[in-house]
Amino acid sequence: MTASIDAHRPSLVGSSVRRVNDPRLLTGSGRFVDDISLPGTLHAFILRSTVAHGRLISFESGESPADIVLGPDDIAAATEPLPFVWIAPDQQHLHLPMGDTTVRYVGQPLGITVARTRAEAEDAAELVEMTIDQFPGVADSLAALEADAPLLYPDHGSNLAVDFHIGDDPDVLEAAMAAAPIIVSRRLRIPRIAPIPLETRGVLADWNVGTETLTVWMSTQTPHHVRDQLAHVLRLRIDQVRIISGDVGGGFGAKEHLYPDEVMVCLASIRLGVPVKWVEDRNEHFTATCHARDAVHDARLAMTQDGVFLAIHTKVTGNLGAHFSNVGTGPFRVSGLMLPGPYRVVNAGAKISGVFTNTTPTGAYRGFGMQEAAWVRERLVDEAARELGVDPLELRLRNVISSEELPHLTPTFQEYDSGDYARSLTMVRDRVRAHVPIVDPNPRIRRGIGFATHVEFTGLGPSVMQEIVGFRLGGYETAVVRMEPDGSVFVSSGVMGMGQGIETTLAQLAADCLGVGMDRVSVHLGDTAQAPYSAAGSIASRSMTVGGGAVVTAANTLREKILRIAAHRLEASAQDLVITEGRVCIKGDSSVGISLEELAEYSWLGWKLPEGETPDLEVKFVHDPSNISYPYATHAAAVAVDLDTGQVQIERYWVAHDSGVVVNPRIVDGQIAGGVAQGLGIALFEKVLYEENGQPNSTTFLDYLIPLASDVPDIVMDHFETPAPHIPGGMKGVGEGGTIVAPVAIGNAIAAAVPEIAGLILETPLSPGRLWELLRIGGLINE
Amino acid sequence: MNAPQTVMAINLVVNGVQVAREVEVRTLLSTFLRDDLGLTGTHVACEHGVCGSCTILVDSQSVRSCLLLAVQVDGTNVETVEGLGSLGSLSPLQDAMWREHGLQCGFCTPGILMSIEGEVRSGASAEAICDEVLSGHLCRCTGYQNIRTAIHAYFATKDES
Amino acid sequence: MRPGAFRYVSAISLDEVLQNLSEFGDESTLLAGGQSLIPLMNLRLARPEVLIDLNRIPGLAGIDIVGDELRIGAMTRAVDVVTNSTVAGSLPALSRATAFIGHPQIRNRTTIGGNISHADPSSELPGVLAALEGSVTLRSIRGERIVGWNDFIVSTFTNSREPDEMVVDVRFPLRTGWTFAYDEVAPRHGDYPLAGICAGVQIVDGVVREMRIVAVGVSDRPVVLSEVAQASVGRELDETLIKELSKIGREELHANGDAHASSEYRKWLIGTLITRILGNFALESR
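Residue numbers (my numbering), protein chains in the order written: chain A, 5 to 787; chain B, 74 to 234; chain C, 830 to 1115.
What the hints contain is simulated information worked out from the structure, not anything from laboratory work. Misleading hints may appear alongside valid ones.
Residues from chain A that face chain B, not an exhaustive set, calculated with beta carbons under 8 angstroms [claimed, not checked]:
| # | residue |
| --- | --- |
| 1 | R23 |
| 2 | P27 |
| 3 | L29 |
| 4 | S33 |
| 5 | L202 |
| 6 | G253 |
| 7 | T704 |
| 8 | D718 |
| 9 | I719 |
| 10 | D722 |
Covered stretches of chain C, as calculated for chain A (at least 3 residues, CB under 8 angstroms) [said to hold, decoys possible]:
| # | region |
| --- | --- |
| 11 | 1017-1026 |
| 12 | 1065-1073 |
Some chain C residues judged to face chain B by a derived CB distance under 10 angstroms, without partners named [claimed, not checked]:
| # | residue |
| --- | --- |
| 13 | L843 |
| 14 | E845 |
| 15 | S857 |
| 16 | S865 |
| 17 | P868 |
| 18 | I881 |
| 19 | H932 |
| 20 | T966 |
| 21 | I970 |
Since the structure is predicted, the reported quantities are computational estimates derived from the model, not experimental observations. Glycine is no exception: its CB is placed at the ideal position from the N, C-alpha and C atoms.
This is chain A alone, in the form it adopts within the complex (with noise of 0.2 angstroms):
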């Protein structure tokens, strides 16, 4: 750790001091976009399209008593194409036409109406008239590929989209299967969840016809890369264009991006020279927020007859939905990237289809192409147990790189940096092994408990390395650390909070730098006026380690300044001196020194420096780091089968992790437990629906089921912290692996609980209806 803390102070770094923001939280005073209202504001709503395929031929806004309805073709005429971000290689749409007419997904936005009061909006827009000659639609990727699917776009000729290799080159890979005595091959899948952030997106635009500039407030998780993005599609310059993030709920990767129907409400706003709000409502959500994941994938691990694992691949099939998202095929292709996982394997690689259907595009969410990859790999790994007759975790532990051989570079080009990947697997073996299993005298009730784990890509990244991958975001961030003139500590950086914590966690890292209390600390986020320059935003579980790390460094450059006035002031050497309790002091004298406040204030008069030293007491550091950091975990779930009903229930939960650094083990702790909670939902509940035409059949909460409070265990946690070595501070992510990994570690489970059926759980979710049919496959359905 290079956060230099004094002895004799207890360290906030690593204590679970309350969160910052939540007083206001709890008292219904925070400011979500729905939330902020300005004088004069109207209200929008977005016309979206009913059929997942065809031509818009007219749009009539007729009657309509709207203050302003804007169709395609007034949308095409003001606007540019919307830039996409993550291009694959041989990529042909490198952007999203505004206003298109051709119709691709139901949800699709088309026009928007804006009204004195929401129901007016809408009952405007029930007055617009759209007439769309519809054409067959196919929603599945692989039914996309048929020869007879209708197309998506017929000049590019097939709904496949993209197609590349990653990893090992495939002859190079093929050889090595071929040769390989043991091959456990199976086709597994994983279905299309959606986000759901309790607090759906949310625009306030206000345009200022005497400046010529656009204040506009989000629900963003990333508010410069927003405005950069907005300017360009209005033909603005990116400084007439001011984004305010204030409180988000709940982003999990939905709210990453520009989408085409928050510009609109942005345009809506110029033309009118008022404030418009637009706040998405739930039925809407569920087709005009990207959905994520599926994914199928053809998957292989290859071994040798005592299980020392050899190589491993996978074939993936994604489906984009109607277009690229921003991400386009990144979820996919970091599905490859990270399917070795904490195994050593002589070979990896994975081949990308990226398929158009007539779908919501798919993009980032929690786990981004991670948990596909933890799905495949860890149910081939259970599945290649059972066919050598082994105990699923000792093959684990046979094959898991160790601690002498990090760092280790694989064959997808992951340097993993540090840790000791065996030790989360015993720790979470011990644990469960002091469990005493609950006994049932009914024998249709089965019991069983499955292992999972994973190392996992956070960080995002040096910015050389996006520019490789052809990903258009930098991965650097910039923290801004000033004291003021009263002492007090002003911290800025470009990263976001959602709920994650990070305002208080970067708040502990500065205050232990600085050696000042937390509430002499106040974070500032999301403001583009105010924060400093962020590309990427809080994606990825970046927000600690880059944004983190830029703190730390901030902070303590500012300290190493604070402590030469100091020394100037005293007459003492930087070196023996301490800053404690507000004041800096000769160390083991705290009779001698010089209060904070009085410090800031001189300097910032330009009184009583040093030669050479400025009066300013504010660093701004940029951090690139100059690798990925790599945190990872073991999971073991304990789960009940009623083979009368097909339900589920996980009884026990455990999880032994390595993030690096904690800077709040309570925070910590909660975004494991949200994350596994997630990923419950996906293992047991959780799955978008489209009829095979693209027809949504999961529009409100009834079709679409996440878990509630008596569906998901409390969580036995163990930490344990091997610094990231490329990080000031020594963080790792925490915000993904819960999700990662829960699906598959229950997963793994309920084939353990009925083994009868091991070899059919390829694909989620488990839900009773599904894992019935399976029981039935398996022969437990009879009478």
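Since chain A is already given, all that's left is putting chains B and C on it; use the hints.
Chains B and C only, in chain A's frame:
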């Protein structure tokens, strides 16, 4: 017999304050609280009664404010999260939620607080609240574990005092 | 998601409701608990012209035993049925079934009359009403009529109420010597059931004299499993019989399939629920 109306005057008590307003009859109670009274602590996350974010108390009973019309609460006593405690003086329940990290993004939190408050008044146990009442809310961030911890911690402090 | 425009009247007497119903008929919609209606209005799938609010009418809520019937006023809230000692004492299956409706915050508003009238095939209470061969009382300015459940509940979201009528109470017969029970399987706590069973049995000297058994959530309305009931008559309710009845139930039922549950799965669940409920009856009768 009263003729059907499109706009009506309503009188009610909100967080102890008498309120008189004229509303369109189609105005949802959640919209009325947020837009007409500026009480934005009541959040709206589904408008079909499932998520529980908009839960408030009407005459001490927890209800979904997105499934009531504002005109229906004429003459009632309405309580929202703003009435529970204030920034400098959190209620014991709010404090337990803070201490135990029972919230992350905080969007679902006001509804959960009001549900618990209503059930506590009607004498429900901590266990019943954790099992039954909490299942009437969607929280996407916490995994519920720390909310349960907070409920038990709140009952522990309540029983002490 | 905001309701379209409508006109509203908050009736303060039953007469006022009946007058309004008579005047507006098909254009009017009755607002009881609103826990199903208002979501549909928010989605603009329900578009009432005139909304008649029943919530302020005195005397429409109440739970009483009248003769051999449990009479529940139409505007009685689900929460009050769940906690009511008369219901718990006379018809515990109804307390239990009502406790399966949604969550406490929903049950604080849901009304018995509204729930039955909504005729949701996945709802618990129509199944209980069917198992008991209960009825509803309909009133209009033309008079009053009592309609048995079988005539009242027509199909999904459809009942036989005339446009000028309203349900004023729901009547559950109390059958002496019978035991009733309700159970269901749902994806999550408080969800609509994938399948549910309400069953009642009269056991005399260890032998089944008569049985009523109804499945919910499997078709467009509650389904009476008459073959199961018939096959039980005159038999001892032991493991062999229960197994046989469970099998008959699975075979007899024509269950709908959807995204959450296939027809075959629903049939299996019905068998499982028959086994569980009748197993408990057998235990209790010993």
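(request) Give me the numbers of the hints this structure contradicts, sorted from smallest to largest. (result) The structure conflicts with hints 10, 12, 13, 20, 21, although it agrees with all the remaining ones.
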